[in-house]
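**Student:** Residue numbers (this note's numbering), protein chains in the order written: chain A, 1 to 278; chain B, 279 to 586.
No wet-lab data here; the hints were simulated from the structure.
Any given hint might turn out to be false.
As the list claims (entries may be wrong) - Here are the simulated DSBU-like cross-link-like pairs (lysine-lysine), alpha carbons at most 30 Å apart as the crow flies:
hint, chain 1, residue 1, chain 2, residue 2
1, A, K270, B, K579
2, A, K270, A, K194
3, A, K194, A, K105
4, A, K105, B, K579
Said to hold, decoys possible - A short list of chain A residues far from chain B (calculated; beta carbon distances all over 10 Å):
hint, residue
5, Q59
6, L73
7, I84
8, P126
9, E169
10, Q187
11, I188
12, A198
13, P222
The C-beta atom is built at its ideal place from N, Cα and C for all residues, glycine as well.
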Amino acid sequence: MTDLKPVRAAAKHLGLMLLAFVMLYPVLWMVVSSLRPNNEIFRRPGLVLSSLHTQNYGQGWDALASPFGHYLLNSAIVVLGCIIGNLVSCSMAAYAFARLDFTGKRVWFAIMLGTIMLPIHVIIVPQYILFSQLDWINTFLPLIAPKLLATDAFFVFLMVQFIRGLPRELDEAARIDGCGHGRIFWQIILPLMKPALATTVIFTFIWTWNDFFSQLIYLTDPDMYTVPVALRSFVDSTVNTSWGAMFAMSVVSLVPVFLAFLLGQRYLVKGIATTGIK
Amino acid sequence: MSALGELRHIRGSTRGSPRKRDNRAALVFLLPWFGGLFFITLGPVVASLVLGFTDYNLIQPPEFNGVDNFTRVLSDERLHQALRVTFTYVVVSVPVQLACALGLAMLLDRGMRGMAFYRSAFYLPSLLGSSVAIAVLWRQIFGADGLVNRLLAVVGIEGRGWISDPGTALSTLIVLNVWTFGAPMIIFLAGLRQIPVMYYEAAATDGASRWTQFWRITLPLLSPIIFFNLVLQIIHAFQSFTQAFVVSGGTGGPSDSTLFYTLYLYQRGFNSFDMGYASALAWLLLMIIAAFTAVNFWAAKYWVFYDD
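Given these sequences and hints, build the entire structure.
**Tutor:** This is the structure:
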């Protein structure tokens, strides 16, 4: 029996490695194919490169009305706005739910939890009407403004959980020293909740960067396109002719997500494990 | 621990002792959130219910048309197709995805070597899966001349145009959803770590097999987490949009075989600007998701085991 143990462990590792390889194969293949001439992409299912064909990147970069950098910049602006909005508004709401005692708290808290599961499709039509009456279509405001209003309740919940874990003695001591809620929040709670804030930054980054539905609806002017909308218009305009260029820009669009994943893995795993939403 | 757990406990928690409330401070801290609730989330939910009883194209003012939109639901063939597609997608992809997630989480034992690497490798697709880039990739690999068919050709199997064939197009999207099992897997991993090792040690001493341990210890103690994942992934799957949109070029084709509910809603609302009907459809979706969730909660009584 004992002799079999290392063999079984090795077999298990082999199986897991193989599965990981199969899972990541499509992505690896896309990266490799983005460095192949178009006629090779469809012929070669393998991962070996015979030569480096970097022209796809230049071609893809200039394939749409504006250079691809323009869309990357648009996405970056939206992402940055959403991150700031979520950090400010969600931490404020979380402080109230975690530390303040107010009328109807439990009802409001339940409503807040309920909105986590609210499908965006149920609110998109009236939202669109509201924003079009404000003349906000084809601006980034419909994407950023909701974040300034703590509508990503998921992060409110994440931060509430975190603040509840901080010792109340700290607040009490500050209160005795004459601090109001503003200062307790700003000088005591916020500095202590950096891990929760980091988780919020990383999730907001990845979700906003990948978000397609609302960007598709609110951004119809090619000049305002973000990366996902631009990429999609690329697909529709070229129909199967320049897969190399399309793969190249797809790879470019995934790089920021991948970097966020590498840098923020610890926070991502923790965030999912404690709140359970991807 | 989880949002669902919170909701479950909210009714049972006891009132705190009466003391001075911080109403004014709370109002200040919650001002943005209240604004969002009334203008961005709950307000629009109510507004879309009202709009659901109107005929509205964004240009002329909305006109009440009674229950017309809802009688139209009954005879709208494309909607029925969208419901079939979406139900199939949810009912097939969620259980398969969760089974993969649980299976892998069980294989990744506590403290095993290379744990961090495997966890990352299996989780990465969850982060990439909802992007347009991956949808573009899917369009290629399941195309008639795509990667999958090339690989099949290596072993001598003749493939087909998986995406252009109405019989298999939806399956490619189901595969895509299963591919993102990493996020529920991480939740399972966290849950497995909560189960005390001594339970297994005691069971092993009593001669219980691995299989018995799985059925008698792991599954019952993990059932709240399985339930949590199930509820979340079902809600999530009902809202899938991007992949079907990109893979089908916005049509839901071929022959409406990938016409997800949300895609149909998008077409009615934002291609035809049939806002009244789209609002009715949105509420119908909300009702369907709520019904599924309610059934889940009801069924939970019979299989979810709470230790507390």
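**Student:** Taking the earlier hints as the rules, which of them does this structure contradict?
**Tutor:** 8
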